[in-house]
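J.: Please build the complete structure, drawing on both the sequences and the hints.
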Amino acid sequence: MSSARDNILRRVAAALDGRNGNRGTGSPSGGHDHPSDASPPRPQWEGALLDRFLDRLQAASASWTGVDTLDAVPTTVVDYLADNGLAPRLRVAPHRLLQNLSWPDQLEITTGTDPQGLDVALSVADAAMAETGTLVLCSGPESPTTLDFLADHHLVVLRREHILPYMEDVWASLRRRPDFPPRSLNYITGPSRTADVEQTMQLGAHGPRSLHVLLIP
Amino acid sequence: MSDSAVTRPDTVALYVTCLVDLFRPGVGMAAVDLLERAGYRVEVPDGQTCCGQPAWNSGDEAQARELARRAIRQLQGYAHVVVPSGSCAGTMVCHYPTLFADEPEWLDAARDLTGRTWELTRFLVDVAGLPADSLGPCQGIATYHDACSGLRQLGIREQPRKLLGAVQGLSLREMEDTDTCCGFGGTFCVKYPEISERMVSNKVERVRESGADMLLGGDLGCLMNIAGRMQRLGVPTRAYHVAEVLAGTADGPAIGEKER
Amino acid sequence: MQLSPERFRSQAQAALRDPTLQQALSRARSGFIDKRRKGIHDIADFEALRERGRRIRDLALSQLDHHLEQLESAVRAAGGQVHWAENDAQAREIILGLCRQADAQRVTKSKSMVGEEIAINPALEAAGLDVVETDLGEYIIQLAQEPPSHIIAPAVHKTRQQISELFDTHHHQGALKARLREIPELVNEAREVLRDKFLSADVGITGANFLVAETGSIVLVTNEGNADLTHTLPRMHIAVAGIDKVVPTLDDATTLLRLLGRSATGQAMSCYTTFVTGPRRADDPDGPGEFHLVLLDNGRSRMLAGPYREMLRCIRCGACMNHCPVYSAIGGHAYGWVYPGPMGSVLTPLFRGLENTRDLPNACTLNGRCASVCPVKIPLPDLLRQLRAEQFRRNITDSRTRWGLRLWGALARRPALYALSTGLAGRLLRLLGGKRGRIRRLPLAGGWTASRDFPAPQGPGFRQQWKKRQTERKPV
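Keeping their order, the protein sequence lines are chains F, W and Z.
Reminder that position 210 of the first sequence reads as 210 in the numbering used here, one-by-one numbering, no gaps.
Reminder that position 65 of the second sequence reads as 65 in the numbering used here, one-by-one numbering, no gaps.
Reminder that position 296 of the third sequence reads as 296 in the numbering used here, one-by-one numbering, no gaps.
Don't read these hints as lab results, they were simulated from the structure.
Just so it is clear, the structure is predicted and the values come from calculations on it, not from any experiment.
You may find that some hints are simply not true.
Claimed, not checked - Selected chain F positions facing chain Z (Cβ under 8 Å, derived; list incomplete):
#: 1; residue: N7
#: 2; residue: L9
#: 3; residue: V12
#: 4; residue: A13
#: 5; residue: P40
#: 6; residue: P41
#: 7; residue: Q44
#: 8; residue: T76
#: 9; residue: P115
#: 10; residue: P144
#: 11; residue: E198
#: 12; residue: H206
Said to hold, decoys possible - Derived pair list, reagent style DSS-like, types lysine-lysine, alpha-carbon separation capped at 30 Å:
#: 13; chain 1: W; residue 1: K191; chain 2: W; residue 2: K258
#: 14; chain 1: Z; residue 1: K377; chain 2: W; residue 2: K191
#: 15; chain 1: W; residue 1: K258; chain 2: Z; residue 2: K468
#: 16; chain 1: Z; residue 1: K435; chain 2: W; residue 2: K258
#: 17; chain 1: W; residue 1: K258; chain 2: Z; residue 2: K467
#: 18; chain 1: Z; residue 1: K38; chain 2: W; residue 2: K162
#: 19; chain 1: Z; residue 1: K377; chain 2: Z; residue 2: K35
#: 20; chain 1: Z; residue 1: K435; chain 2: Z; residue 2: K467
#: 21; chain 1: Z; residue 1: K435; chain 2: Z; residue 2: K468
#: 22; chain 1: Z; residue 1: K38; chain 2: Z; residue 2: K377
Even for Gly, the Cβ is constructed at its ideal location relative to N, Cα and C.
T.: Set out below in structure tokens:
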């Protein structure tokens, strides 16, 4: 008996090769024979990459703070929690960038993926794109996806040099990594939201209610 | 076919459409007047009936093809064919070639017709170069309904507005959703009367909100539909075909109004 | 009552008479159209983007077998498994088998139209599993025991009052007496209820917005983040998708994502766009131990072979229904099956058979607005017209229409008879119109005159007037 797989593929092939079929002629491995491939239609902007990124980030209801050095991240976090009336408790991703930070004693630091006590999470973005104000986070040993979605408030450290113009640039950059693609590659644009009740936008549907970027040099 | 018409660039064949012929002959006369004002000699080829649109839209391809062949033959040789309806012109321009995809000789003839066929307002603006001077006159505030076929198949949007802008005494006030279907849709309005009623009611509401005292459009089907609903609801806005306003004959009874 | 595409007419009539539904629809109508209009502004040449999207989809479909095999190898290389289902029954069997294999009790689901197409929820529930929809809209209609009425906003037909009542019944056992509550309160309550479900789920089922052949990735687009909790937290992730969803490369998916968000909700990018590739890696701190991709044919290979191939370009954005004046008059349930609006009026007859869906291709004015906004330029009116032609050829067209066309054709082919008949009809109608100039009730045109006056003809016919004019001008 022939398998469902073989039946489907045979029908598809017959459809493409049949009387009415027209099989494409582009490179079968890539399919990159698009017209005028040089510049795909996409948003254009004047001015600096950083300005565009921050503008779009805020348009997506996210916020940001510039941090002078990596070492200043803990104080910035403490201030952020205090300013927003949040308890001094932080879940930190096991990212190498965050390993040697010295956290103040008043802050309770936890690690791991336990959903209990996961109010505020701190993770590190692998890249960002100015096109849409989007953060790019790849799952992996240093970056548990759970943190990015279960936390009520999500803090993300982003290196300025990791901001790229477009999604195509993100692909070009990430493709160079040996572990690409990760299990879960997340493009995150602002906090979680829903408009399912009367088409009215409401933040904090299932994921974080707020998204805050700590921009480091 | 009139031999004198062949290849004379100043001769226009008017394809009057079945709705205009039966319900609103004044639209045809207004079209003739406008074309003559623009310096064209107008002929009305004999034997015109229906372009085949109802058959084509109802899935009867054989009948659509037969009626298309008749129209193609009747309109052969004219430098320009002008139609006071976006949907009939759209059928000829966009669908006749599809109908004859498998008949090379007729396909050529259909394509040839496509290149010569124009909806009235588009012809007046894009070919005849109107408005050279003032049109009309017509006193009042008008709002314009963009009939779907003309708008989306033929790209007619600016042309009627440009012409109406040159009508003495007329001001144009746009309604919301000018490009939303009025619910006519040929046989749709009698096959699905309740859905059509909701759509035309929405349209009438937009017309009413605009505060215009005249509703204009380029397709008689839509105008009869909207006018019929307005009259049933007691909305006093009067409906005219755009050609009547441009030709200055919109001082007579509006669509569905009694003779005065 | 069970909805069915065969009962389109009565379902549409019921929808038109439902004031609550009409209230919800009129709110949705302008909202979606405005959002798209604003959303496409930031791309100077959006038409070029649509054209590129069309080319990408066409190219992908024209080498579909190759891309499917490439996808399969890539998924396997990433540690996932691929299952092939020829029809809905096979897909249900595969998914149920996987859930049993995982010894599952609770399944979380992220909104999937293919999931609706194969009716997976009833199958899993019948097998004793607790199935929880996690998209808020989908959760609301699951509580209401209704199918979705829109492909991206499944509960668009529900008002806040109705949602308050549902939540009261299901979360508070009626204690709130269905008090009308504010939207943040409702969203928060659903968040809390569903959080527990996410944390206790054994299997997570998602659909896929796209499948990327080169990497074996599935693309998930949401705003709520529910898809990510669905695929990350349970032991097993099952993704189910139509075979038409494949695109060759990540860059191709990028172009389509630019079109999808803008066309659907006016967003340049949804909040969460995720590329999932295989199960948890050896050194990953989280993620499911198993990843299964179920590829569904269910008639798609047949569509690929026939005259409706262009329909397979569809990326399920919902723009066609958002801009459809018929959809916005009657809502999605009237269409009677999973896919509503213009895309559904093409797809449903192709999935369910033309003889079981007589009304769908006809309940459209062919106004063309859907095609003008479709991100991959599907000629929806042309496809609907093609279905009508097929109905006519196969004698499915109703007899009234057939007789009407026959009569009209007989006249239109005979100009002399036509002139005589229309002349007579004109005189009769003028007579009926009397002094009013219009007719309030017209036999044989009751559909028209039930809600509209019928205008009486204005004087004798055009050709008569034209002849008179010619004679006057050129006296013989």
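J.: Identify every previously stated hint that the structure contradicts and give their numbers, smallest first.
T.: 8
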